[in-house]
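Participant: Going line by line, the protein sequences match chains U and S. Just so we're aligned, residue 6 is where the first sequence starts under the numbering used here, counting upward by one. Just so we're aligned, residue 70 is where the second sequence starts under the numbering used here, counting upward by one.
No lab work stands behind these hints, which were simulated from the structure alone. Accuracy of the hints is not assured; some may be wrong.
Here are the computed distance ranges between Cβ atoms for each label pair [unchecked claim]:
hint : chain 1 : residue 1 : chain 2 : residue 2 : range
1    : U       : Ala73     : S       : Ala79     : 41 to 47 Å
2    : U       : Gly104    : S       : Thr195    : 45 to 51 Å
3    : S       : Ala168    : U       : Glu134    : 53 to 59 Å
4    : S       : Asp199    : U       : Leu118    : 55 to 61 Å
5    : S       : Asn431    : U       : Arg87     : 54 to 60 Å
6    : U       : Gly49     : S       : Ser213    : 48 to 54 Å
7    : S       : Gln209    : U       : Asp147    : 58 to 64 Å
Listed next, the in silico SDA-like pairs over lysine to any residue satisfying Cα-Cα at most 20 Å (straight line) [as the list claims (entries may be wrong)]:
hint : chain 1 : residue 1 : chain 2 : residue 2
8    : S       : Lys315    : S       : Arg116
9    : S       : Lys278    : S       : Leu203
10   : S       : Lys425    : U       : Pro90
11   : S       : Lys237    : S       : Leu203
12   : S       : Lys425    : U       : Leu191
13   : S       : Lys425    : U       : Phe66
14   : S       : Lys237    : S       : Leu150
15   : S       : Lys357    : S       : Lys425
16   : S       : Lys429    : S       : Gln159
17   : S       : Lys429    : S       : Leu203
18   : S       : Lys425    : U       : Pro65
19   : S       : Lys315    : S       : Ala125
20   : S       : Lys357    : S       : Leu150
21   : S       : Lys425    : U       : Lys196
22   : S       : Lys425    : U       : Asp64
23   : S       : Lys425    : S       : Tyr170
24   : S       : Lys357    : S       : Ala133
25   : S       : Lys278    : S       : Lys315
We put the beta carbon where it would ideally sit given N, CA and C, even for glycine.
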Amino acid sequence: MSESPLRVGRVMRSSTGEFTIGVRLLQADVPHFGSFVKAPSTDGCDVIGLIYDVLIEDDPFVRQLIGADVQDEYIRDQRENRQVPATVSVLVVGHCRDGRMLPHLPPQPPAVLDTLVTCTDGEIIRFTEDFAYFRTVLNAPDARPDELLAASLRHAAEARQDGGREFLVRAGRELARLLAFDAVRLEGLLKRIRP
Amino acid sequence: MTLELSKIAAQVSAMGASAAQRLGQRERLVPIVRDLLGQQATDPELRTKIDRAIEAGWFGAIPAAEPIDARYDPSSLPARLTVVAADGSQIYPDRHGLALYYVINVGSIALRLGSGETPRAETTPTVCFDEAQLFGDGEQLVSSQLVSARRAVAEMTQLAQRAIEEAKAAPTIALMDGSLALRAEHETIPAAERDRLQDGYVARLDALKRANVAIAGFISRSGTTSVTKLLELATFPLDEVATRAKNQKGRPFDGLIIDTRIFESLLAPGQRSAVFEMWQGWNRLYRKSGHSIHLFYLNVGAPPRPVIARVEAPEWVAADAALLGLAHAAIVEQCHVTGIAYPYALTRADELAVIKTEEKANFDRMIGVELLRHGVEPSPSEKAATKAMARYGKRR
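Using the sequences provided together with the hints, build the complete structure.
Facilitator: Structure below.
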């Protein structure tokens with residue numbers, strides 16, 4: 006639950022449909038799988054996306070320390086000082102222009118080094134009133150679509166005052182409509198969002 | 070044109086055969102030299118031989134206070150210890166580049182072991198572009214040797230500043246990569262500049278001494294033969310020492326046995342050798358100023374593979390059992406962090422200091438933009454431009 010945006014990191018590369026940001030440190034509250042995030046686009050709107058992957062790569066130095074029994078200071082040095090950013094992948098699901106939430110892709114992606122922040126509860130509630138973004142997620146095979154959609158719905162439910170029960174029931178009905186011909190997939194998704 | 074491997078295959082084969090032959094000769098000599106070290110430890114004539122050799126102009130390692138075949142285990146480390154390391158890199162001036170400048174980048178790190186704190190890593194980049202830095206008082210562009218000497222002084226300055234600050238809170242060791250001595254003796258370095266650099270360097274050593282910081286230079290895979298030269302003296306009859314000490318021909322071990330090879334089979338993991346003093350021309354400056362460079366060999370490997378490093382320290386560290394013990398134990402601990410037998414802090418200082426090719430390219434782009442902003446059309450020399458073409462996807 007967040008009333009104010011949290012800074013996640015800066016955009017490293019971007020395209021219309023997805024973008025990648027770099028973060029120096031993983032913190033307890035960011036980045037979270039399935040979180041709603043936003044970054045400014047060069048044409049003035051805010052690009053809305055869902056975090057679908059967090060990748061922490063190794064390097065030869067880290068590999069040498071994997072099996073070593075070393076003091077905490079060395080681990081902190083590697084985690085906090087070395088410039089090996091974790092990369093966070095974001096699937097674009099819509100944008101916000103002049104205060105209006107639009108569940109389709111923005112005209113332009115965010116620019117390199119733009120700052121990515123988490124959406125506030127109010128923004129998440131307004132964006133998820135329209136379920137049109139479900140299709141974007143379900144049709145993104147590389148983004149673990151079922152897990153991602155379920156996680157985003159749980160976040161959206163948490164953002165609501167009443168715990169989002171009624172919201173989840175509505176979302177479940179929409180999923181039943183979209184996946185009417187794939188009962189197995191639908192069942193898996195409904196299990197993941199069951200209140 | 071490229072390096073045609075087919076044309077050098079025969080030479081490579083001959084090189085391999087030669088290396089194998091030298092290895093055979095060397096292996097036969099190792100036990101002889103090692104035994105000699107033990108025999109000479111108690112020989113009263115050795116000191117006389119050294120004195121006579123020095124009079125004749127000999128250079129090598131001379132025993133300090135410990136028996137020359139002594140071996141010492143590392144002591145235990147204090148619960149709180151700070152390891153500070155600094156290293157540097159540079160971009161040399163290039164007449165064919167967009168602009169005339171050079172860069173010195175010093176990286177340093179302070180590891181407060183036992184504190185639970187995140188180590189403090191720093192970099193200090195300096196761009197040198199004014200006339201005085203590039204040309205001094207003359208017309209000759211600053212040489213690469215002079216840039217390297219200035220970088221070495223910058224490293225020592227950063228190391229000393231940080232280590233002295235850290236020593237207020239905990240026992241501190243300051244580590245450098247390579248020899249502890251500044252090498253500023255070169256024909257391209259004007260005498261006044263050399264003296265200024267040396268004075269600055271020695272002043273930092275003075276400050277470290279006052280702060281009781283154990284400073285050491287760590288030399289990996291040293292190829293020096295200082296102790297071998299000492300053992301050669303031992304094989305000469307006393308009345309022939311003066312004549313044979315300087316005679317390059319007929320020297321039994323030099324050129325075949327490097328010091329580290331002698332100690333490979335003598336030192337157990339973690340053990341150090343006796344301390345020796347460097348009797349070298351370049352050490353006169355340090356001897357005169359109370360920082361005579363001493364050395365010991367140290368097995369920083371783990372069984373079954375010995376890895377012998379050479380460690381240099383000034384005389385006041387070598388003569389102080391507490392500081393020497395701290396340097397010895399801290400270096401062993403540092404070398405075991407990654408399992409690569411090289412101090413962790415130095416690896417990090419190097420990583421912080423190094424200027425990568427892409428960083429240099431980005432820096433050049435920044436210079437180009439700045440030149441344009443000031444109305445100057447940036448252009449590399451014709452030579453640089455053609456080299457860039459020739460090296461882009463090399464073809465025969």
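Participant: Is lysine 237/S close enough to leucine 203/S, meaning Cα to Cα at most 20 Å?
Facilitator: Cα-Cα ~38 Å, so violated.
Participant: With a cut-off of 20 Å on the C-alpha distance, tell me whether lysine 278/S and leucine 203/S pass.
Facilitator: At roughly 33 Å apart (the allowed maximum being 20 Å), leucine 203/S and lysine 278/S break the hint.
Participant: Check whether the Cα positions of lysine 425/S and leucine 191/U lie no farther apart than 20 Å.
Facilitator: violated, 51 Å
Participant: Look at the Cβ atoms of glutamine 209/S and aspartate 147/U and judge whether their distance stays inside 58 to 64 Å.
Facilitator: Holds - the Cβ-Cβ distance for glutamine 209/S and aspartate 147/U, about 60 Å, lies within 58 to 64 Å.
Participant: Given the hinted pair lysine 429/S and glutamine 159/S, is their Cα-Cα distance within 20 Å?
Facilitator: holds, 10 Å
Participant: Are the Cα positions of lysine 425/S and proline 90/U separated by 20 Å at most?
Facilitator: holds, 18 Å
Participant: Are the Cα positions of lysine 429/S and leucine 203/S separated by 20 Å at most?
Facilitator: holds, 19 Å
Participant: Against the 20 Å threshold, does the CA-CA distance of lysine 425/S and aspartate 64/U hold or violate the hint?
Facilitator: Holds. Lysine 425/S to aspartate 64/U sits at ~16 Å (cutoff 20 Å).
Participant: Take a quick look at whether lysine 278/S and lysine 315/S sit within 20 Å of each other, Cα to Cα.
Facilitator: violated, 35 Å
Participant: For a C-alpha distance cap of 20 Å, please report whether lysine 425/S and phenylalanine 66/U respect it.
Facilitator: holds, 17 Å
Participant: Okay, glycine 104/U versus threonine 195/S on CB: inside 45 to 51 Å?
Facilitator: holds, 49 Å
Participant: Please verify whether lysine 315/S and alanine 125/S have alpha carbons no more than 20 Å apart.
Facilitator: Holds, because 7 Å separates the two Cα atoms, which is no more than 20 Å.
Checked against the numbered hints above, the structure violates hints 4, 5, 9, 11, 12, 15, 20, 21, 25; every other hint is satisfied.
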